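On the provided structure of chain A, position chain B as indicated by the hints.
2 protein chains.
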Amino acid sequence: MDVEIINIGDELLIGQVINTNASWMAEQLNLSGFRVSQVTVISDQKEHILNSLIMAEQRAGIVLISGGIGPTRDDITKHTLCEFFGTRLVFNEEAYHDVETIFARRGYKVTELNRQQAELPENCIGLPNKVGTARGMWFEKERKGGGKTIFVSMPGVPFEMKAMMTEHVIPRIKETFHTPAIYHKTILTTGIGESFLAARIEEWENGLPEHIKLAYLPQPGIVRLRLTGTGKMEQLIHQQVDAEVARLESLIPDYIYGYDDDTLENIIGRLLKQKQATLATAESCTAGYIAHLITSIPGSSGYYKGSMVAYANDIKQRILGINSSSLEQYGAVSKEVVTEMAIAAQTMFDADYVIATSGVAGPDGGTADKPVGTTWIAIASPNEVYAKKFSFGDSRDRNIRRTALQALSMLRKTLII
Amino acid sequence: MDVEIINIGDELLIGQVINTNASWMAEQLNLSGFRVSQVTVISDQKEHILNSLIMAEQRAGIVLISGGIGPTRDDITKHTLCEFFGTRLVFNEEAYHDVETIFARRGYKVTELNRQQAELPENCIGLPNKVGTARGMWFEKERKGGGKTIFVSMPGVPFEMKAMMTEHVIPRIKETFHTPAIYHKTILTTGIGESFLAARIEEWENGLPEHIKLAYLPQPGIVRLRLTGTGKMEQLIHQQVDAEVARLESLIPDYIYGYDDDTLENIIGRLLKQKQATLATAESCTAGYIAHLITSIPGSSGYYKGSMVAYANDIKQRILGINSSSLEQYGAVSKEVVTEMAIAAQTMFDADYVIATSGVAGPDGGTADKPVGTTWIAIASPNEVYAKKFSFGDSRDRNIRRTALQALSMLRKTLII
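Here the protein sequences come in this chain order: A and B. Using this note's numbering, the letters of the first sequence map in sequence onto residues 1 to 417. Using this note's numbering, the letters of the second sequence map in sequence onto residues 1 to 417.
Derived from the structure by calculation, the hints contain no laboratory data. All values reported here derive from a predicted model rather than from experimental measurement. What you were told as hints is all true, and nothing was included just to trick you.
Identical copies look the same in the list; a pair holds intra-copy or inter-copy alike.
DSSO-like mimics (lysine-lysine), calculated; alpha carbons at most 30 Å apart, straight line:
hint: 1; residue 1: Lys370; residue 2: Lys130
hint: 2; residue 1: Lys174; residue 2: Lys141
hint: 3; residue 1: Lys46; residue 2: Lys141
hint: 4; residue 1: Lys144; residue 2: Lys46
hint: 5; residue 1: Lys232; residue 2: Lys162
hint: 6; residue 1: Lys148; residue 2: Lys46
hint: 7; residue 1: Lys213; residue 2: Lys46
hint: 8; residue 1: Lys273; residue 2: Lys370
hint: 9; residue 1: Lys232; residue 2: Lys213
hint: 10; residue 1: Lys213; residue 2: Lys185
hint: 11; residue 1: Lys162; residue 2: Lys141
hint: 12; residue 1: Lys162; residue 2: Lys109
So here's chain A without its partners, still in its complex pose (with noise of 0.2 Å):
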């Protein structure tokens, strides 16, 4: 079943907002078993909304619209969707009950403008909104060739229209059209490029069954693999792809570091909770970028003390008391001294696990020996203290990411031994 994705707003055709709505609604959509086949950027004027209705209808069986549905007089699209269907709004009390509830838990009075959100065309059935005032659009229409066509209107505001994506148009659409079972299951790896990885389980993808994919999701660092099966029996379906995942997890044990969701700040949050272990960082090139992550989990304050950001080499020497001797002669971003500032940390914190850093961020301060790039990560533990050398680009923002990716992947390896 096709899709086509209709975002309307001013806002996004001036550069000013990037349309993470259209990827959002896209990923969801594919999740549940439907194709997206365009996705049609306009703006606020009554002629091009119309004309972008009557082209996706001559080629999508769903059309979902983002947008142009607030309480200001340049939101037009309720109008146009009126016209379109060659019907008119009427007051619908239940919406409006919905805006006063609203209005009432913000302390302010129902505007009226804020009344004619409670208008609704004749011809829909209202999406409730939970989190704004703006009801969603269900329309069905009847094609000229017998069946109907779909359309929603929901609001472009990024968390009321997934809300409204997530509890009513997403089941209502599965139910309306039958679609069969879909079980994803994503399985997260780390510290393989995804060309090698593709070699390593190509005998394995070959093999697998027509009804389930596999999917290569790359990001920086991270190479996450999506398993979808498809069928008429859910049960089933999950017992096979499972067993497919227990086959990949046989082949590639070292790279794997977790499923969907989780990241590794929550991975290896959950691991030292488990152990009632503590964690403390001494950063240099991450600068407390790997002190931001690991407290970027709620409830991190449990089992992380803190880091020391030794930025400058007095900091270093004179703080995390790192040799003069060492500095001068290995450098800062060497094996010996990244892994003093570990035991200096462990010891400074009181801490069990400590992460300890030291880079060329780059642009500058790059030798022929240790070029813009080059970064030191230690891992220090009750029972010791192990250091590796890594070369990353030339670029400051990713040597940064992609140190504190590592440094995280080391520390999970540390806590599962």
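Chain B alone, transformed into the frame defined by chain A:
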């Protein structure tokens, strides 16, 4: 002059990739005086591409296409363009030379697949690609009613597309359509919400001449004001816009922190360099995020010493030397503790200036007295130390970001006194 953008690529329709190309292209076109009236995203399917080209031609004077011109089999844009223009591919010596150069630089020999990238439609002008192997293609097609429509096909890889747009496409369409002179100046403000700002500058805004437009570009914690002047006399417009900026400055001097593409991290870096002064941070709730922002600037190692991320209370006591009685009496999120943190870090890092933060980031840890979002920020300078309290919202992520922004803004004000 209306422009339509067509982005080709399956990855955009399954939600794997967010369409940042469209927003970037739209912003650049807008800044050059062109209006984007539609963005269409479609997959690598011949009929769908052909159909989109036909539709766009009916509506727009310029059609910019990105994606689908790589070396692999599923990239069919070039063949489809030949069909659309009724022409054929011919081997282009110059384009082949470019491909060879790129391959030689990477140490590879040109493959047959990449040799085909030197074949271009006979009726196009090739646009050089310094950073990739696919040339851009510039087409002009006579319109029935007179005049011509411009079609440009570009790579989908963002940095290749951006280089080509900046170096070739934008200058060429400006030349072709003799656009008027256009001049932008963006004023960056913080510490005042959009509606309060609008009320404050209403009279000035209403008095702007017809050919100078104002746009509000809000971001979390920041409102950017963009003035755009258009006309025939380039120098005169510059003068007129600059005069309006001067008037605006006199109305809201306390809220303006910079201009155009500047960032607080950058401005602070420049001010510290001018003063030959150093900076350190002592972070609790921001936990390294401020250090990360400051060190995102190349060369920050010249003035930034480091950060003490004191996440756990025992670290605040033991390493920063915060009084246990202050922690007990006032709590970690208090004027007393954040002030002590700033002074302690000044000594510890031997730094001229210090930012210290302590707050309840959430979602847990809030009390009736100090709900989630309560944040104290202190700034220490060689002359004084002062602290301010803020009440942000209940989103952990946004609390961390807004605290960082406010802290940098406070430091900037201290540096310019």
